[in-house]
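Residue numbers (numbering that gives the first Met the number 0), protein chains in the order written: chain A, 0 to 461; chain B, 0 to 461.
Careful: at least some of the hints might be erroneous.
Partial pick of chain B residues on the chain A-facing surface, computed with a CB cut under 7 Å [what the hints assert, rightly or not]:
hint: 1; residue: 61
hint: 2; residue: 64
hint: 3; residue: 70
hint: 4; residue: 160
hint: 5; residue: 201
hint: 6; residue: 203
hint: 7; residue: 204
hint: 8; residue: 210
hint: 9; residue: 231
hint: 10; residue: 232
hint: 11; residue: 234
hint: 12; residue: 236
hint: 13; residue: 344
Calculated from the structure, these hints are not laboratory results.
C-beta: ideal position from N, C-alpha, C; glycine also.
Number of protein chains: 2
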Amino acid sequence: MAINTQVAGDSAAPPITEILGHFVAGHPSRGWSDDVEREAHRTMLNWLGCAIGAADHEAARSALHAVQFLDPAPQATVLGRVERVDVANAALINGITSHTFDFDDTHLKTIIHPAGPVCSAVLALAEKTGATGRQLMDAVVLGIDVSCRVGNMIYPDHYDRGWHITGTTGTLGAAAACARLLGLDAHRTTMALGIAASQPVGLREQFGTMTKPFHPGAAAKAGLMSALMAQYGFTSSGRALEAPRGFAQVISTKFDWDEVTQALGSRFEISYNAYKPFACGIVIHPSIDACVQLRQRGVRAEDIEHIDLRVHPLVLELTGKKEPADGLAAKFSVYHGCAVGLIFGKAGEAEYDDAVVQRADVVELRRKVRARIDPDMNEAAVSMSAVLLTGERVQVDVEHAIGSLQRPMSNGELERKFHDLAAPVVGERRAQELAEACWRLADASDVRGLCALARPEDAPVT
Amino acid sequence: MAINTQVAGDSAAPPITEILGHFVAGHPSRGWSDDVEREAHRTMLNWLGCAIGAADHEAARSALHAVQFLDPAPQATVLGRVERVDVANAALINGITSHTFDFDDTHLKTIIHPAGPVCSAVLALAEKTGATGRQLMDAVVLGIDVSCRVGNMIYPDHYDRGWHITGTTGTLGAAAACARLLGLDAHRTTMALGIAASQPVGLREQFGTMTKPFHPGAAAKAGLMSALMAQYGFTSSGRALEAPRGFAQVISTKFDWDEVTQALGSRFEISYNAYKPFACGIVIHPSIDACVQLRQRGVRAEDIEHIDLRVHPLVLELTGKKEPADGLAAKFSVYHGCAVGLIFGKAGEAEYDDAVVQRADVVELRRKVRARIDPDMNEAAVSMSAVLLTGERVQVDVEHAIGSLQRPMSNGELERKFHDLAAPVVGERRAQELAEACWRLADASDVRGLCALARPEDAPVT
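Use the sequences and the hints to build the structure in full.
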């Protein structure tokens, strides 16, 4: 047995684990601009809608069955369901559901979906401790800053190697958020980050299976437990993130320490969070957006002779299915996306229901869509030309699709997305109340009111 | 945002995830030699002793406090304690305690400590389901075969990169063992391995902190949950281990698929498991062994003028502390090891107690030990020459230290080690009964009897 005692790599890295520990423990409450604060509320609303919307998905039910095997204490809400489970497993399941539809938020610089791990962990914990909305929002902003800064540090090499960066960095974000919510000091917060660093979750090979949304759920749970253990004195390496045999150097070939430290406390990564307006891969969004705009100009499906799209090559490579048979296949069809965009003016999870995919008018319209690749077309853009039965030609050019940082969804659009996801699960009225509670969350004296609203209307508000 | 859609790496790997899934689900009960069966019982006894011995260590108490925050159901025994917690968290804590003293087993080909993740997960689960001893032992042998074969596949590159291989492969071993115990079919066992593959735990940077023993505990818990989720229909990639963006290719540069498939079902890796006779790093073992042999020849501490050691260079590089101040430092002192070896005839956890380290006779004797490096000396060997006050010289040469595969500990020696660890915690009588129950474990109609004995004597046998 030969043991390698040599340590290669960068042993002169700055002490980023401790730097983040001090930052998370010590940054002032609400120590950021109104824009950051607004984005945090938008992030929460979007995350809540996604999690509630998928509450009865097979992945949620199956994970919940496994958790129920443990006879969990009813400490925290499983969003969109009547069951309550212990805080760690509520974090797990809410993390899973928030990512099940692939409809959640995206930190575009790293393709991290930051809310899943962070919000799932910290809301469950806040419900148990009876934290205020202010404490919750502070933890969300700081936790997401940690996961996205760590993401910036190792992206893209880490992602290219095959890691699902949402899970790997999410454990750290969740640990940071929970440590903040628990009021841990800088040393214990550093220990929490250290414990979390040993548990990177997520392989890209899992894409297309339930284990993909499991990643943010498992990250939420691992991060929460790391913070709890640190609270009670469990120790880890104070250099767990940066040491030669630490997190960054073990899971990535790129580790740009400056991404963690630069403008820490003045630039907040949650500012770069984006929300999907459509429940499918982002490469189709410009095309769907163009069809929604066509509808807004008064054009209807029955007016169409055919639609011509000029798209980036990746659109047909990833989403070129002409005749999708069901909802899952339709997510990989730019043709289906265009059809529902024009017929319904949206492409939410409901527009990917099997029944919608098979509807005669939808099938007929998507057959009228033609797509042609253009290597000069930007990925974020599309050029669409609709030829009407009258012979008239309507041109729509999209430079940046709705949902991009350049054209963010408005609060009203986000709220409609939330409503479409949540109302079928918790009821119209409660979905409305929940959205209102979410916009006012920072002022809530106790987050439990919001949690109680995130359950089906027939469940008592406890 | 540019997404890398190219997949590099070996995409023609054999389907090892499915192969292991079929193997674990389908291999016959007790489908191995008497030697393998005997080693499985030795592995269990050694693991039980280590876990019970560390039951009141600060790491155990701190982890237990975190778990108690979740109000866990009293489903399974925390070994050596009166508390009972849910099966997933019992797996966590027992995994932590079994590795806390660094005194557990070692699969020498990979430096994996295989029992921690596997036994901790499967015993907790078996206690809940009321499994038979036979079912438990089948799961242990197969689970350890999975983790160690995966270890063989990726060692040493994976370890050299900085991963703590006990945790990373342990999650898979625990998932396999739990899937077997739950009676999952080949497909669901494959899914369990797939879910587990997304959760490799453990960085070598954590060595020296509580997060090192956390690794096998977290692996046990993650593996157990993966099996439970698979039982209830949760899905993962059926190629999670071998795909280009799967486990092996993401966390290692070496992936020798044959190590998983060769002689699968006829060669069992548990056969290569070894047990530490001494509670310290393995490089000192030959020297301590020599001093124990010196004592067996009738030499006593008061007879010694001085002791000369000729050792492999790594011995002084890693364990050259001349005047250790406390138990932790003494673990890195070949001088202390020799002193207690001669005075007590052993070097268990008790001989690393602070009070022992500071005892006058121990201090005096270790000052009489001199060590000289010899690059030609094998790592497993030592040459010792004791000069007595009478002028007599006694020579002891050790080619393979006790505890090596060449000179394994006898069952009696293992039982004494077990007793030294367990008796101070559960009492003399119960330690004796527990050892007897462990040797007969395969015949137990219900493993709960053994679990009940693994609690302090003042706790009721339930």
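Hint check results:
1. With a cut of 7 Å, the hint placing residue 61 (chain B) at the interface with chain A holds, because the nearest CB-to-CB distance is about 4 Å.
2. A hinted interface residue such as residue 64 (chain B) counts as satisfied when its beta carbon comes closer than 7 Å to some beta carbon of chain A; here the least separation is about 4 Å, so the hint holds.
3. Taking 7 Å as the C-beta contact cut-off toward chain A, the hint placing residue 70 (chain B) at the interface holds, the least distance being around 4 Å.
4. Checking residue 160 (chain B) against chain A: minimum C-beta separation of about 6 Å stays under 7 Å; hint holds.
5. Against a cut-off of 7 Å between C-beta atoms, the interface hint on residue 201 (chain B) holds, since the closest Cβ of chain A lies about 6 Å away.
6. Nearest Cβ of chain A to the Cβ of residue 203 (chain B): about 4 Å, under the 7 Å cut. The hint holds.
7. Look at residue 204 (chain B): its Cβ gets to within about 4 Å of chain A, closer than 7 Å, so that hint holds up.
8. At about 4 Å, the closest approach between the beta carbon of residue 210 (chain B) and any beta carbon in chain A falls short of 7 Å, and the interface hint on this residue holds.
9. About 4 Å separates the beta-carbon of residue 231 (chain B) from the nearest beta-carbon of chain A, less than 7 Å, and the hint is met.
10. With its C-beta approaching chain A no nearer than about 4 Å, residue 232 (chain B) sits inside the 7 Å limit, and its interface hint holds.
11. About 5 Å separates the beta-carbon of residue 234 (chain B) from the nearest beta-carbon of chain A, less than 7 Å, and the hint is met.
12. Of the supplied interface hints, the one on residue 236 (chain B) holds, with its beta-carbon coming within about 5 Å of a beta-carbon of chain A, less than 7 Å.
13. The beta carbon of residue 344 (chain B) is not positioned within 7 Å of any beta carbon in chain A (closest approach about 26 Å), and the interface hint is therefore violated.
Violated hint: 13 only; the structure is consistent with all others.
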